Amino acid sequence: MTGTPTGTPTGTPTGTPTDTLHELAAKQAALGEVRGAPGPDPVNAPMIRHWLTAMGDANPLYLEQGLAPPAMAQVWTMDAPRDRSPVDDVLAALDAAGYTGVVATDCRQTYHRYARLGERLTPATRFTDLAGPKRTALGVGFFATWNVTWYDADDRPVTEMLFRVLKFRPPEVAQPYPLQPVVNQDTAFFWEGAKRGELRIQRCGDCGALRHPPGPMCPACRSTARTHAVATGRGTLYSYVVHHHPPVPGRETPFVVGVVELPEGVRIVGNVVDCPVEEVEVGMPLRVTFRPMDDRLVLPLWTPEEA
Amino acid sequence: MTSETLPELAIDLTPTLIISTALATRDFTPVHHDTALARAQGSKDVFLNILTTMGLVQRFVTDWAGPRAVVERIDVRLGVPAYAGDRLTFGGTVTSREGGRVTVRVRGRVSLGDHATGTVTLKEDGRC
Amino acid sequence: MLSGRAAVAGIGATEFSKESGRSELRLAAEAVLAALDDAGLSPADVDGMVTYSQDANQEIAVARETGVGDLTFFSRVEYGGGAACGTVAHAAMAVATGLARTVVCYRAFNERSGRRFGQPNAGLSGEPTSQGLEMSWHVPYGLITPAAWVAMFARRYLHVYGATSEDFGRVAVTMRRHAATNPAAWFHGRPITLEEHQASRWIAEPLHLLDCCQESDGAVALVVTSAERARDLRRPPALIRAAAQGSGAGQMMMTSYYRDDMTGLPEMSVVARQLWEMSGLSPSDVQAAILYDHFTPFVLTQLEELGFCGRGEAPGFVRDGGIALDGPLPVNPHGGQLGEAYIHGMNGIAEAVRQLRGDAANQLAGVTNVLVTAGTGVPTSGLILSSG
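Chains as they are written, first to last, in my numbering: chain U, 7 to 313; chain L, 4 to 131; chain V, 3 to 390.
What the hints contain is simulated information worked out from the structure, not anything from laboratory work.
Treat the numbers as computed from the prediction; the structure is a model and nothing was measured.
Glycine residues also receive a C-beta, built at the ideal position from the N, C-alpha and C atoms.
It cannot be assumed that every hint is accurate.
Said to hold, decoys possible - Label pairs and their in silico Cβ distance ranges:
1) A64/U / D128/L: 17 to 25 Å
2) P282/U / G314/V: 48 to 56 Å
3) T106/U / D128/L: 42 to 50 Å
4) E29/U / T195/V: 55 to 63 Å
5) R203/V / E178/U: 28 to 36 Å
6) L366/V / M223/U: 26 to 34 Å
7) P298/U / R118/V: 46 to 54 Å
8) S55/V / T24/U: 53 to 61 Å
Stated by the list, open to error - Here are some of the chain U residues that sit facing chain L, going by a computed Cβ distance under 7 Å:
9) M61
10) P76
11) A110
12) T111
Using the sequences provided together with the hints, build the complete structure.
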């Protein structure tokens with residue numbers, strides 16, 4: 007399809023369907039726990055002191071007894087070289103499916119014991135769950151959950167963490183169509199008609215002459231008495247252009263704009279849509295169609311008349 | 004450790020606090036220290052990282068419980084961002100006390116609403 | 003009568019470029035000084051100024067910059083490039099009626115490095131003016147660029163007369179051939195072939211890229227004074243034998259699609275009628291024509307409207323070499339706006355003056371009368387300049 011205005015949100019998400027996302031999630035969960043690299047530094051006093059100072063935590067326990075604050079669990083492996091974890095593929099697939107927004111929702115840490123100075127911790131990650139799509143305040147999204155366990159040198163868990171994020175599709179802000187007409191007392195009837203699916207042609211209230219584009223005074227009899235006729239909606243293509251360049255806001259190129267001659271005896275400009283560009287030709291019969299461009303503008307456009 | 008309501012802890016979220024805690028938790032993501040970049044990405048300002056939220060929840064509870072307490076578990080539900088320039092105020096109440104194990108319900112609020120809510124479980128006089 | 007009362011006594015221009023690196027006001031001031039110098043006049047002699055309504059530089063600003071003092075006449079001519087010859091018409095009227103003695107006409111812009119006319123401007127249909135309302139019947143459909151506005155006429159012309167894109171292409175090829183030997187032209191030394199024209203990308207079918215004039219930075223100024231005084235100045239005068247503006251019934255800006263016929267330019271017919279009547283000349287009396295060539299199709303239409311050939315005959319006329327330097331009607335010996343530069347038609351008037359003086363880059367023999375037109379598709383204007 008060519009020449010279709012892009013002003014109307016399509017609404018249909020592109021990308022990976024929900025089933026595929028869940029299949030991938032199940033596959034990643036089946037991988038079980040995947041070990042990462044051990045922390046680059048052993049648990050050490052300088053980093054603990056730095057952390058306590060920054061947090062404003064005056065608890066003397068840690069440095070006195072050579073222990074790490076429990077909430078530091080993740081800190082020890084923040085700088086570890088990261089292999090691809092089972093989580094990454096799921097998040098990437100969600101991004102690709104349009105769920106590009108991310109916000110962390112839950113962080114649950116269980117401390118089996120406090121880590122001790124000098125020990126080196128090794129994280130292991132397992133992907134646990136993908137739930138969705140769900141409607142949330144931020145938009146439709148999936149909740150992805152994974153668990154990390156930090157092990158000591160004896161392979162005993164020191165800390166376990168459950169982490170959950172919401173990957174959401176940022177709601178499409180309905181963009182106003184950028185090519186708006188200016189409307190005044192002389193032209194409002196036309197645009198209101200388009201919203202009601204009527205192609206309105208100005209008719210002089212005195213001499214009956216039809217006229218498009220409309221205006222305040224009948225050029226034939228100078229009357230300002232105006233009314234309108236509703237056109238049959240049929241027309242013939244009188245001339246046309248195929249716009250390729252430069253890009254036009256609110257439009258995908260190439261698109262066709264034509265001058266359409268109506269049997270009522272006036273011409274009107276509009277897009278020829280739902281017709282391959284190479285099949286557009288002068289003289290082709292057309293029928294009007296009304297397309298909402300945004301929540302305030304409806305344009306009368308033209309499609310090939312069925313043979 | 005007798006009271007059932009924890010004394011409030013109010014922390015001014017100065018840029019210094021946001022940035023120094025981000026770095027102390029070895030989180031170098033720019034939104035936690037680069038104001039211009041954070042704003043360019045649609046944030047109001049730099050904001051607290053999650054590792055720090057966990058750290059501050061821990062501090063809030065151990066400030067009250069004292070150095071003999073041992074934290075066993077922190078469950079946090081994360082809410083609105085805690086931006087530089089805001090104030091993070093923690094409140095808490097004891098919800099259960101059983102065999103030396105205390106559970107505290109914690110709520111950390113900023114001007115936009117709840118930043119972190121959850122529970123902390125600790126042993127009153129534990130061995131780490 | 004206006005005929006023969008005033009003359010172009012001086013012409014001046016900046017270089018033609020894609021990025022002048024200077025403000026539009028500076029370009030205007032430079033061109034005005036160059037034109038005065040060409041005429042052997044000084045800013046103190048100027049008492050009138052005319053430009054296009056689209057020019058960004060007010061007359062008083064150009065006067066301030068160039069040290070021009072009191073102005074007794076100033077005027078701005080409407081309708082885009084259709085104003086080009088109109089500036090000279092207004093100046094000639096002012097001189098002939100005594101409103102001013104020495105009038106400078108100028109057009110200056112950074113049309114390539116600044117605001118580019120060829121780019122879509124959704125604001126065209128945004129103003130509650132008659133023009134905004136007019137544009138509102140076209141812009142919402144994406145019919146928003148000059149190339150597309152012209153292409154709509156061009157398609158109808160092809161359909162009615164059985165012409166082809168190659169007929170447009172021959173205009174472009176001729177203009178580029180002329181520019182190739184004009185050192186002031188942007189496309190100096192860069193002619194094109196018809197094959198290259200056909201291979202250039204679509205802009206708005208049926209117009210290829212090479213059917214569209216360039217985008218240029220630059221300025222051109224002209225000095226208009228009385229014919230008698232001009233004869234005493236430094237350069238041979240180019241007499242304003244005829245000057246006219248024209249708008250047709252049902253006229254719109256670039257989109258007069260609602261008239262009976264879409265293959266002509268009725269407004270140019272209005273201009274032509276006046277030019278021939280005022281000058282007492284006929285098409286066979288002019289040795290060169292400067293035809294506004296922002297887009298190739300309207301060069302064909304103008305040849306027909308001005309009476310150089312019959313309706314639908316322009317493609318054949320051009321195919322037979324009619325507008326070449328050695329043809330019966332050399333058109334745009336400087337290369338036009340397709341080849342030299344797009345200075346909104348003002349550079350074409352300067353070329354007409356050079357042809358009459360005998361010092362053009364592609365000088366034609368025995369030039370005594372040159373016809374010049376302004377922007378097409380809009381209310382327009384025209385001149386016949388003569389030696390004398």
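Hint check:
1. A64/U / D128/L: 17 to 25 Å: Holds: the Cβ-Cβ distance is about 19 Å, inside 17 to 25 Å.
2. P282/U / G314/V: 48 to 56 Å: violated, 30 Å
3. T106/U / D128/L: 42 to 50 Å: holds, 48 Å
4. E29/U / T195/V: 55 to 63 Å: holds, 58 Å
5. R203/V / E178/U: 28 to 36 Å: With Cβ atoms ~32 Å apart, the hint holds.
6. L366/V / M223/U: 26 to 34 Å: Taking Cβ atoms as reference, L366/V and M223/U lie about 49 Å apart, which means the hint is violated.
7. P298/U / R118/V: 46 to 54 Å: violated, 31 Å
8. S55/V / T24/U: 53 to 61 Å: For T24/U against S55/V, whose Cβ atoms are near 59 Å apart, the range 53 to 61 Å holds.
9. M61: holds, 5 Å
10. P76: holds, 5 Å
11. A110: Holds, about 5 Å.
12. T111: At 6 Å from the nearest chain L Cβ, T111/U passes the 7 Å test, so the hint holds.
Violated hints for the displayed structure, listed by number in ascending order: 2, 6 and 7.
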